[in-house]
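Please put together the full structure from these sequences, using the hints given.
UniProt numbering numbers the first residue of the sequence shown as 1 and each following residue consecutively.
Keep in mind the hints are simulated off the structure, nothing from the lab. All values derive from a computational prediction rather than experimental measurement. Among the hints, erroneous ones may be present.
[Said to hold, decoys possible] Derived CB-CB ranges, DEER-like:
| id | residue 1 | residue 2 | range |
| --- | --- | --- | --- |
| 1 | M57 | Y86 | 14 to 24 Å |
| 2 | F77 | R40 | 19 to 29 Å |
| 3 | E59 | D88 | 18 to 28 Å |
| 4 | K79 | D47 | 28 to 38 Å |
| 5 | D47 | H75 | 28 to 38 Å |
| 6 | R56 | G87 | 17 to 27 Å |
| 7 | T70 | K46 | 29 to 39 Å |
| 8 | D47 | H72 | 33 to 43 Å |
[Unchecked claim] Straight-line distance between alpha carbons at most 30 Å, and here's what the computed DSS-like set of lysine-lysine pairs gives:
| id | residue 1 | residue 2 |
| --- | --- | --- |
| 9 | K37 | K79 |
| 10 | K60 | K41 |
| 11 | K60 | K78 |
| 12 | K83 | K37 |
| 13 | K78 | K41 |
| 14 | K38 | K83 |
Don't be surprised by glycine CBs; every beta carbon is placed ideally from N, CA and C.
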Amino acid sequence: MVPELKDPRYEEGIENIDKEDMVLVTEEAGRTRGQAKKIRKRQRVKDIEKYSFPHRMVEKWNALSDEVVTAHSVHSFKKKLDKWRYGDRTL
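Quick look at the structure:
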């Protein structure tokens, strides 16, 4: 935790955030394109919500290949992600 953000109100606010309210993770059965663990954006009205990190990253996550997303470990995910990002987008 950042020392400047030690205010109890801030810490309580972070704990009370409903993370599932930010994005919706879906398992798509019978999909024809992309990967199985797609994320869907929820409709947002406020700019602070529209431009938040989770909301901005949805397209980037959904563009990843199935092999990257279903990696068996964090190390494997990072390795495959780097290869996908900096390579020719094939694995």
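Hint check:
no.: 1; hint: M57 with Y86: 14 to 24 Å; in the structure: holds (18 Å)
no.: 2; hint: F77 with R40: 19 to 29 Å; in the structure: holds (21 Å)
no.: 3; hint: E59 with D88: 18 to 28 Å; in the structure: holds (20 Å)
no.: 4; hint: K79 with D47: 28 to 38 Å; in the structure: holds (36 Å)
no.: 5; hint: D47 with H75: 28 to 38 Å; in the structure: holds (37 Å)
no.: 6; hint: R56 with G87: 17 to 27 Å; in the structure: holds (23 Å)
no.: 7; hint: T70 with K46: 29 to 39 Å; in the structure: holds (34 Å)
no.: 8; hint: D47 with H72: 33 to 43 Å; in the structure: holds (38 Å)
no.: 9; hint: K37 with K79; in the structure: holds (19 Å)
no.: 10; hint: K60 with K41; in the structure: holds (12 Å)
no.: 11; hint: K60 with K78; in the structure: holds (15 Å)
no.: 12; hint: K83 with K37; in the structure: holds (20 Å)
no.: 13; hint: K78 with K41; in the structure: holds (24 Å)
no.: 14; hint: K38 with K83; in the structure: holds (20 Å)
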